[in-house]
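Order-wise, the sequence lines are chains A and B.
First residue of the first sequence? That's 1 in this note's numbering, and the numbers climb one at a time after it.
First residue of the second sequence? That's 477 in this note's numbering, and the numbers climb one at a time after it.
The set of hints was computed from the structure by calculation and includes no laboratory data.
Every residue gets a Cβ at the ideal spot worked out from N, C-alpha and C, and that includes glycine.
Treat the hints loosely; a few may be bogus.
[Stated by the list, open to error] Below, simulated DSSO-like cross-link-like pairs (lysine-lysine); rule was C-alpha separation at most 27 Å, straight line:
| no. | chain 1 | residue 1 | chain 2 | residue 2 |
| --- | --- | --- | --- | --- |
| 1 | A | 233 | B | 553 |
| 2 | A | 376 | A | 413 |
| 3 | B | 479 | A | 233 |
| 4 | A | 233 | B | 488 |
| 5 | A | 413 | A | 233 |
[As the list claims (entries may be wrong)] A partial selection of chain B residues facing chain A, derived with a Cβ cut-off under 8 Å:
| no. | residue |
| --- | --- |
| 6 | 503 |
| 7 | 508 |
| 8 | 541 |
| 9 | 543 |
| 10 | 546 |
| 11 | 550 |
| 12 | 659 |
| 13 | 687 |
| 14 | 691 |
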Amino acid sequence: MSTTHGSTNVHDRAQHALADDFLRQAVHFTTDRLRYKKQAVTGEFGNWEAWRERGRQIRQHTIANLDYYLDLFTRNLEAHGAHVHFAATADDAIHALREIATAQNAKRIVKSKSMVTEEIHVNHHLEEMGIHVVETDLGEYIVQLSGETPSHIIIPAIHKNREQIRDLFEAAGGERLTTETRDLAAFARRTLRRAYLAADIGITGCNFGIAETGSIALFTNEGNADLVMNMPKTHIVFMGMERILPTMEDLEVFAHLLPKSATGQNVITYMSVITGPRRQHEADGARDMHVIILDNGRSRQLGDPDFQAVLHCIRCGACLNVCPVYRQIGGHAYGSVYPGPIGAVLSPLLNNGEQYQDLPYASSLCGACYEACPVKIPLHDMLVRERQRFVASGRVKPAERAAFQAFRQLFGKAGRYQTTIRIARRLQFPIAHDGYIRAKIGPLAGWTMSRDFPVLPKRTFRELWPELTRKGNGRG
Amino acid sequence: MDKATFLERIAKPLGRMPGEPPSPRTVVGVPSFWADRPSTPASRTASFIERFTGLAGEIVQYASIEELRIGLNHVLKDIGATKIGAWGKEAPWSVDVEEVLERWQALRWHAQTERRAFDDIEVGVTSCVCAIADTGTIVIASGPEAGRTVHQVPLIHIIILRASQLVQSLGEALRELAQAHERGDVAASNHFISGASRSSDIENDQTIGVHGPARVIALMLQDMT
Chain A
1 MSTTHGSTNV HDRAQHALAD DFLRQAVHFT TDRLRYKKQA VTGEFGNWEA
51 WRERGRQIRQ HTIANLDYYL DLFTRNLEAH GAHVHFAATA DDAIHALREI
101 ATAQNAKRIV KSKSMVTEEI HVNHHLEEMG IHVVETDLGE YIVQLSGETP
151 SHIIIPAIHK NREQIRDLFE AAGGERLTTE TRDLAAFARR TLRRAYLAAD
201 IGITGCNFGI AETGSIALFT NEGNADLVMN MPKTHIVFMG MERILPTMED
251 LEVFAHLLPK SATGQNVITY MSVITGPRRQ HEADGARDMH VIILDNGRSR
301 QLGDPDFQAV LHCIRCGACL NVCPVYRQIG GHAYGSVYPG PIGAVLSPLL
351 NNGEQYQDLP YASSLCGACY EACPVKIPLH DMLVRERQRF VASGRVKPAE
401 RAAFQAFRQL FGKAGRYQTT IRIARRLQFP IAHDGYIRAK IGPLAGWTMS
451 RDFPVLPKRT FRELWPELTR KGNGRG
Chain B
477 MDKATFLERI AKPLGRMPGE PPSPRTVVGV PSFWADRPST PASRTASFIE
527 RFTGLAGEIV QYASIEELRI GLNHVLKDIG ATKIGAWGKE APWSVDVEEV
577 LERWQALRWH AQTERRAFDD IEVGVTSCVC AIADTGTIVI ASGPEAGRTV
627 HQVPLIHIII LRASQLVQSL GEALRELAQA HERGDVAASN HFISGASRSS
677 DIENDQTIGV HGPARVIALM LQDMT
């Protein structure tokens, strides 16, 4: 993974996002809508905690035995005539894609929404190969036309308004359009239908691979993945290696958990269960099917008691919608393909370097993400453990290290603390006004520019205590 | 990377030997409170209709095959479609509607069909494997006479089914799929359709028919009374 935002850090990007009123409003409105719909649908469904626990148990078992289920899954895939490619890295996956595209002499490709293809920048590589690639999910299509990246896992174009969308569509299609949703959607239908018909290859992700049958289950509301995989003669599936479920019966659990958590829908509009390429005597469906299974840093989490559970994630985006940080700054501020709490945990883990190490700090650690997660991943604990590991490995700014050393000195001895407070009480006057400290510069400014910082009181609790005790005794 | 090495990189950190069977499962599939719910033909019909119409699906029930045929004819007349596509004659139809499809000169799907001939059909008429009461879902399996194009390409999809094809849960339909795999005759595509194609990607404003059908109409023979 690499950032799409150069060398800026999450703090700078967040400042930028906070200054964008439309973005903040749109993110608020969308996340509220998804959150309330989820609340309503899970309330009506009932026993939500039991379903979450069931989801967690199934994911835990699957990941704990992943080698077995991946083996079974791929044997079944091959028995149905699909080709399987194992990619240890993003480069391996792109290499496999390049070979397939070259063998097919592919010029045009249609795609449905897939986070894993974003992770390894499939579109960028296809364009480098001179292949014209079109995203077919309406939101992804908008984002692609604007040359941006998705800002939400489920609703990629959350940050675009209808006027901007009309302008993008007019530029792409050379025809005049209104800003009516119906007109814009009809334009997309017409344009993208031509793209499906002209495409040599269709690329999809994979919501779940079912080990016992070798099937790929794909969820969409628009029906675009279904056309992507059935119209072109070749279908390529990209999947993270953890995207497995043991049986069809397990799929029922996740067919409830995923749409309810993602968009508050009781059921997804289209679930395609594809088991191999078209059969003999079938006149439609892809003739060739390739499944590219990607590791790209995932296997590093296996056996790690702190982080193995991050592979339980089903990419529903529910943690984004409840996160007080995501709700303020939106997806782009994270600077990684995966935004929100899951992105803050996953991006540094998959990347395993200094990149994204600021993301685990972009959290209030409130635990709302854990509460929202349909498979109960303790994301807030993971964020703390990531911070601990950064500190332990010495990857901390010198100023921060010095601050914490000072903190240890100060709080280590009661006498030292009391003396310091007494001195600070005298020194605070230049920046204390109306009972609050207001620093304009220096390390305190980061706090006092946006939050209250009461002045140190005239007397500390310890200084008050003897007097309080006296009064209490007198009354008693 | 070769498969053995790839799997070894997974097995090792998990403390497993390559090829070792999985640890015993404590749970499989849905909780028992869900699997063991009571279900009758009447409750399935009621639930299916509620869910299906809740997803903007349209449904008409018929007491006899003849009435259903007349009903299909009326629906096609109301739509005023000039180009209709339908599964082939040998496809697994739940109710025989050949006479109506012939009258409307529907383009029929078969093993040698040139898919592009169906590019501009306005209505697709199909049957289904089963339908799911819990979610209002129609399940369609692909086959030589049951092309996927027939129901994925047009703006209107008409489904012919019988009330006896209703199952309670998604799990029942999925179990049948797993059994078909065991028997060696699982369809390449099993499509679970719940209502009309929809998107909220433009300012959260929901719109239908963005890629798939905008109207989904079920004509159901009530054969369970």
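Here is how each hint holds up against the structure:
1. Only pairs whose Cα atoms come within 27 Å are accepted, and residue 233/A paired with residue 553/B is rejected, the gap being roughly 35 Å.
2. Note on residue 376/A and residue 413/A: the hinted pairing is violated, with a Cα-Cα distance of about 40 Å set against a maximum of 27 Å.
3. For the suggested pair residue 479/B and residue 233/A, the alpha carbons sit about 26 Å apart, so the restraint of at most 27 Å is met.
4. For a cut-off of 27 Å, the pair hint linking residue 233/A to residue 488/B is broken: about 38 Å separates their Cα positions.
5. The straight-line distance between the Cα atoms of residue 413/A and residue 233/A is roughly 73 Å, outside the 27 Å bound, and the hint therefore fails.
6. Using the Cβ-Cβ criterion of 8 Å, the hint placing residue 503/B at the interface with chain A is satisfied: the shortest such distance is roughly 5 Å.
7. At its closest, the beta carbon of residue 508/B sits 10 Å from a beta carbon of chain A; the interface hint therefore is violated under the 8 Å criterion.
8. Taken as an interface hint, residue 541/B does not check out: its beta carbon lies about 29 Å from the nearest beta carbon of chain A, beyond 8 Å.
9. Violation of the interface hint for residue 543/B is found here, the shortest Cβ-Cβ separation to chain A being roughly 30 Å, above the 8 Å cut-off.
10. Hint status for residue 546/B relative to chain A: violated, with the closest Cβ pair at about 30 Å, above 8 Å.
11. Below 8 Å, beta-carbon pairs count as interface contacts, and residue 550/B has none with chain A, the closest being about 27 Å; its hint is therefore violated.
12. This hint is violated: residue 659/B has a C-beta 12 Å from the nearest C-beta of chain A, more than the 8 Å allowed.
13. Nearest Cβ of chain A to the Cβ of residue 687/B: about 4 Å, under the 8 Å cut. The hint holds.
14. Nearest Cβ of chain A to the Cβ of residue 691/B: about 13 Å, over the 8 Å cut. The hint is violated.
Comparing the model with each numbered hint stated earlier shows that hints 1, 2, 4, 5, 7, 8, 9, 10, 11, 12, 14 do not hold.
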